[in-house]
Each structure stands twice: as C-alpha cells, then as structure tokens.
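Hey, can you work out the whole structure from these sequences and the hints?
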Amino acid sequence: MPLTGSGGRGAKPATIMASITLHRRLSAALWRRPSLALTATLVPPLAWFVLIYLGALVLLFITAFWSVDALTGEIDRTWTFENFSRILGSPTYRAIALRTIGMAAAVTITDALIAYPFAFFMARIAGPKLRVTLLTLVLLPLWSSYLARVYAWRLILAHDGVLNWALNSIGLPDLDIGYSRWAMWIVFSYIWLPFMITPLYTALERIPHSLFEASEDLGARSWRTFGRVVLPLSLPGLVAGSIFTFSLTLGDYITPVLVGGPGSDFIGNVVYANVGIANNVPFAAAYAAIPLIVMALYLTLARRLGASDAM
Amino acid sequence: MIRKFARFGTVALSLASLTTAGWGAPAEPNYPKEIGKGEGALNIVAWEGYAQDDWVKPFEAETGCQVNKKYAGSSDEMVALMRSGGGGEYDLVSASGDASLRLIYGGDVQPIETSFIPDFPNFVEDLKAPPHNTLKGVHYGVSYEWGPNVLLWNTAKVKGTPTSWSALYDPQYKGLVSVPDNPIQIADAALYLSKSKPELGITDPYELTPAQLDAAAELLKGQQKLIKKYWALASDQIELFKNGDAAIGASWPYMTNSLKDAGLPVADAVPSEGATGWADSWMLATKTKHPNCAYKFMAYVSTPKVQAQQAIYFGETPVNTKACTEMDAQQAGSCAKYHLDAPANYLKSIKFWKTPMQQCGDGSRGCTSYTDWQQKWQEIKG
Numbered sequence: 001m002p003l004t005g006s007g008g009r010g011a012k013p014a015t016i017m018a019s020i021t022l023h024r025r026l027s028a029a030l031w032r033r034p035s036l037a038l039t040a041t042l043v044p045p046l047a048w049f050v051l052i053y054l055g056a057l058v059l060l061f062i063t064a065f066w067s068v069d070a071l072t073g074e075i076d077r078t079w080t081f082e083n084f085s086r087i088l089g090s091p092t093y094r095a096i097a098l099r100t101i102g103m104a105a106a107v108t109i110t111d112a113l114i115a116y117p118f119a120f121f122m123a124r125i126a127g128p129k130l131r132v133t134l135l136t137l138v139l140l141p142l143w144s145s146y147l148a149r150v151y152a153w154r155l156i157l158a159h160d161g162v163l164n165w166a167l168n169s170i171g172l173p174d175l176d177i178g179y180s181r182w183a184m185w186i187v188f189s190y191i192w193l194p195f196m197i198t199p200l201y202t203a204l205e206r207i208p209h210s211l212f213e214a215s216e217d218l219g220a221r222s223w224r225t226f227g228r229v230v231l232p233l234s235l236p237g238l239v240a241g242s243i244f245t246f247s248l249t250l251g252d253y254i255t256p257v258l259v260g261g262p263g264s265d266f267i268g269n270v271v272y273a274n275v276g277i278a279n280n281v282p283f284a285a286a287y288a289a290i291p292l293i294v295m296a297l298y299l300t301l302a303r304r305l306g307a308s309d310a311m
Numbered sequence: 001m002i003r004k005f006a007r008f009g010t011v012a013l014s015l016a017s018l019t020t021a022g023w024g025a026p027a028e029p030n031y032p033k034e035i036g037k038g039e040g041a042l043n044i045v046a047w048e049g050y051a052q053d054d055w056v057k058p059f060e061a062e063t064g065c066q067v068n069k070k071y072a073g074s075s076d077e078m079v080a081l082m083r084s085g086g087g088g089e090y091d092l093v094s095a096s097g098d099a100s101l102r103l104i105y106g107g108d109v110q111p112i113e114t115s116f117i118p119d120f121p122n123f124v125e126d127l128k129a130p131p132h133n134t135l136k137g138v139h140y141g142v143s144y145e146w147g148p149n150v151l152l153w154n155t156a157k158v159k160g161t162p163t164s165w166s167a168l169y170d171p172q173y174k175g176l177v178s179v180p181d182n183p184i185q186i187a188d189a190a191l192y193l194s195k196s197k198p199e200l201g202i203t204d205p206y207e208l209t210p211a212q213l214d215a216a217a218e219l220l221k222g223q224q225k226l227i228k229k230y231w232a233l234a235s236d237q238i239e240l241f242k243n244g245d246a247a248i249g250a251s252w253p254y255m256t257n258s259l260k261d262a263g264l265p266v267a268d269a270v271p272s273e274g275a276t277g278w279a280d281s282w283m284l285a286t287k288t289k290h291p292n293c294a295y296k297f298m299a300y301v302s303t304p305k306v307q308a309q310q311a312i313y314f315g316e317t318p319v320n321t322k323a324c325t326e327m328d329a330q331q332a333g334s335c336a337k338y339h340l341d342a343p344a345n346y347l348k349s350i351k352f353w354k355t356p357m358q359q360c361g362d363g364s365r366g367c368t369s370y371t372d373w374q375q376k377w378q379e380i381k382g
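Protein chains in written order, with the numbering used here: chain A, 1 to 311; chain B, 1 to 382.
No lab work stands behind these hints: they were computed from the structure. Since the structure is predicted, the reported quantities are computational estimates derived from the model, not experimental observations.
Below, a list of computed lysine to aspartate or glutamate pairs in the EDC-like style, where the Cα atoms sit at most 20 Å apart:
1) B:K157 - A:D174
2) B:K174 - A:D176
3) B:K260 - A:D160
4) B:K174 - A:D174
5) B:K174 - A:D160
6) B:K157 - A:D176
7) B:K195 - B:D170
8) B:K225 - A:D176
9) B:K242 - A:D174
10) B:K242 - A:D160
11) B:K157 - A:D160
12) B:K242 - A:D176
So the derived label-pair ranges between C-beta atoms look like this:
13) B:A344 - A:A105: 54 to 64 Å
14) A:A166 - B:A262: 20 to 30 Å
15) B:G366 - A:E82: 16 to 26 Å
16) A:V50 - B:K37: 48 to 58 Å
17) A:A105 - B:G137: 55 to 65 Å
18) B:G88 - A:A296: 39 to 49 Å
19) A:L292 - B:A129: 48 to 58 Å
20) A:V50 - B:G88: 31 to 41 Å
21) A:A214 - B:L233: 52 to 62 Å
22) B:A211 - A:L139: 53 to 63 Å
23) A:A296 - B:G366: 38 to 48 Å
24) B:G137 - A:G55: 47 to 57 Å
From the three backbone atoms N, C-alpha and C, an ideal C-beta is built for every residue, glycine too.
Below is the structure:
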C-alpha cells in the first residue's frame, strides 16, 4: 500500500515513512533477538525493585548503625552498636517487641481457627451460588476504609457502646475491654481475617474430590480423612495466610493508637515516635530491623512448609 | 502490606532529608526596610482551626496574597514541615512554645521587626517578648493566642470539686483517667511535684535535672495504671468522655466547650498548683519567598477583630488586649469566658510550654533534653 498523499494532520509523508521504517526495524530486531525483548520488559520493574525497595532497606540497615548527636541533633556517621544494645538492654523496648510479636502470633492463631471451618465450608460444601455470595461477603469489608472499620470497633467496644448495651439488655454485667490489648486482639483478628480465608479457600478447593473417595474406600472415617488428607494438603494455604496475618499485625501502628489502652505501643509506634518526635532516625532504623529479622525467619520456615505453592 | 511499605517509605524519605535536617544556629536579623506590595501567595503551616475562611478570605481579598494552608497535628510535625525541602517551602508557622525554640536554634525562622505589626504595642505585657519566642531581645515570633491546660471532669461521676492535680494520680479514678499522649506531659507531673514535694527543688517544670525527671517519671508510671487512654487528638478525648470511658483528665478549654455544647455534665478548672499551657506565635521562615505577604498576614491576624474571631472559634485567649470589646460584640460574655479581662496573675499562673533543653535557664548544662523526655515518656507508657 503506497503511503503518499494525505499525510494525516499535515505531517510530511517523508516523516511518516521514516517512522514506519524505524518501527519495522525495531520489531525485526526484537524478533531476531528474543533476549532483547525480555530485557526491555524486565529492566523497568527490576530497576524499581532494586533502587527503590531494596535501596531503602539497605539504607535502613546502614542507618541503624549510626547515632544522633544529642546536642546538635545531627547524624553521627561512625559505626556503633549503641542502638542495638539500647534496645536489648531496655526492659521497655524488649517488652514492646515481645508484645508486638506475641500479638501477631495470637492474631494468626485466632484467624486460622476461625477461617479454617469457614474456608472448608466455602470450598467443599457450599453450592456455586452460595460460594460466590460467601466469597463476596468475605472480601466486602476490604472495600471500605481500614480506618472506618477500626473506628467502628472503637464505638462497639466503648464503655457505653453497642457491646455493653447488648450485654446489659440480656442481663449480663458490663465488659470493660475498650482501649485495651483485648480490644486490639479482637480488632486485628477481624481486620486480617479475609487474608487468612482467601489462601485457605484456594488450597482447599484445589484438593481433588477423588482423594476424599479414595480415603473413604480405604476405610478412613471423616476425622481421619481430615487429619491425613485434607490438613496436609491445605497446609501451604494455611501457612500462606499466616504470613499475611502475622506480617500485617507486626507492621501495624494505627490500631494500637486507636483502640489500644495504656501499655499498648507496638514496634511501629516506637519507630514513628523516634522519626517524628525525637528526630532519632538511627534508633528508629535499628528498631525497625526487628520485624524485618522476625519476618525473614518466618518466611524461611514458611518456605520449608511449602507456602509458596499456595500464594 | 501497603502500610508496612509506606512505613519503610517514610523512613527512606527521612533518610533522604538527613543532610538538611541538622541543627544550625539562630538566624541573623535580616529585616525588610519596608513592607511593599504582596507577592501574591503565602504558604502557612498552622494548627487546624487557625486559618479559617472567616478571616482568611477577607485577607486574601484585601492584599491579593493567596493563602495556601497546611494543617499540622503536632508541634513535632510543624518542625518537620518547616524543615522540609531544606526550608522555604512554607513562609509562616503558628508554633507553640514547645516547637518555637527548636525552630529558632535550628536556624529555621528569622528575627521579626515588630514595628511592622501596628497592634504590637497593644499586646499583653508578658507575651510581647516571652522567652519561648524572644532571645536576647530579638523577636523570632509574634505572639498570637494562648490558653491553659485544664483539669476536666464529669460532674456526674466525680464527687465534689477537685482542686488539685493530685486527682489525676488518685487510685479511686482507676480506669477513668485520660491524659495527652505527649512527652511534654511530663511537665504537668513536674509542676505538681514542685508543690507537693518541694524537697525535689523543681523551680521550672521544663528544666529538670535527671533526678527530677526520674521523680516525675516515677509519678507518671503510677498514673499509667489508672489511665484508660492516652489521647492523641482533641476529638479522641471528647469521644472518651461522651462514651463514658473517661471521667477525669488533663485537657483544653476547647474540649470543655465541645462537651458542654453536646449536653454533657462537665466542668474544668486550673487547679491550685497552677497549670501548664500553650502560647502560640507566628514565626517567619528564614528562607521565606513571600516576606511581604507574611508581614501583612502577621499584622492582620494581630488586629482585635481577627484575634477575637480566632479566640472564640478555638476557645483561647488573644494576646491583643484591645480584642475584649470585639469578643463581646461577636459573642456576649466571651471576653470574660476566655479570661482576656483576667488580672495579670492569671496569665502568670500558667507555665507555658517550652522545649526542654540540656542547657538550664541559668546557663548550666545539667538539665535533660527533649530527647531524654521522649525516651522517658516511652518508658512511662510501656
């Protein structure tokens, strides 16, 4: 087809020809060398990952070994373990780290216990229509703001809130759990539940029906089938879900501020206070290294249990 | 995951700004010879409620200076914002006394020629050159409004009328106490100790030796067991009182007004030991790009009318003594309600927030710094 004449929005035909030739040459080159195409596709996201994400992490680690001059507030760039020894030596900072990790573990176990029967029902018992409805209901809270949901819980658990009103109306005494660690445990367990249900559902749905039949044919009762067939096959999903609930709780600092009481600070709150209030970035960096180390250990363990298959 | 990511992002950003965040020395005077035509824009950092359209719109119409406002939630955020981008991103800040010295010693704000503020001679004497915005006779800020931190209680739940801060350390209110989540709260404990334990020798609640700081922290650790919640925002405490979670606490008159408007039986008082309080100043960035508009704004908000509007809106006291008639004209009885007509000893009974520093008032270096206070506060909260 001759490409002369009209030339679009007043552009000269020669320019169009040139750009088309260039275009053809480029696609020909990419066709001849597939590795070139692959490089062009991968470089931008990889550069982003290495520069922005890993770069920030490396800077974080390096800063953790610096200190702040108490008089001038300037960063002293000599290497020191002072930040780490202060964290390990102080009962307050140890307690906060243990509280954060303990809460993350408690929330993960709670969510696993609630999510398993639910996901099992969704994946193996419910019909297609009910399954879609349930899945929508599980994911529905994620469409609303995290803050709105935490504030809602604050109103429920308050002294004159919905919970105590309901307890009083059936003749029970007040439950004084607003602004406490119990409140944090309830709110975290609620907020991260969809992140446990979804991978569990995926894992349970994947188990072929024939395996259930085979187990029955061999004389296993339902509990034995569950223990020997379903649980081991769904374990990767369970571990994948636990990575979400554990890491999300570990990194949170908003829920402790909103529904926690006295003695509810998390690692994130200390980091926030040290960057914002005290301007002690090195100490914040050292403290932020704790969840990183904990998660690195957790992920190594999870990999061994096969969680990467279920993600 | 997104928030976790965001947290690393914040840290990375802070790291990027490290090179510019260090403390310098107070800026040298660099007064303009005269206030010329406005530059057409003004960027301010302010407390929420400090730049309402009621008085900012007329200013924009009058001067042609378009006001771009950035609200900050804490003194620490204000300091960070004024230092962002190497300074000069914002022209003015409504700094409280616990931020002002940090900004002055950081070289972030410049001296101000008060002759360009026509209402300056009408300011209440104690706030013309207070130590939190004036160093050796050089003004680094124009005082704006002030108020006390008060003892607030629910009259239906607290028997009698508390007259001492000791109520906040009284085990009978276990689980009903609410105080600010702020290291400067240590000064409240120090103020109480200065009267209840004179043997500690506390003369200024913001200048504490390590031993005095430990004594205050000890008192506050006992209080921690009585606390329902450390509040971060004014609205937090209002909610705590409304929902029956808290019945007594350290507060601002703003909360008393809001709760009374909502029909709650509350009362507040400045207890016998006196009170801590805030005194805010407008401060001008060293690297300001709009000095004319900034001076025009400082002059404008010092006029009796704007001072009265601000005071009634927020529930605080103007520094301009001429604002009394304006206040009563805008809201009958408000001049007395916000203590503008109170004798000078009312103002003197308030220990205004200032930044704790290693250097004590007498020049010796035996005091504890804000960093020490922040660490102690973390220990207290647990």
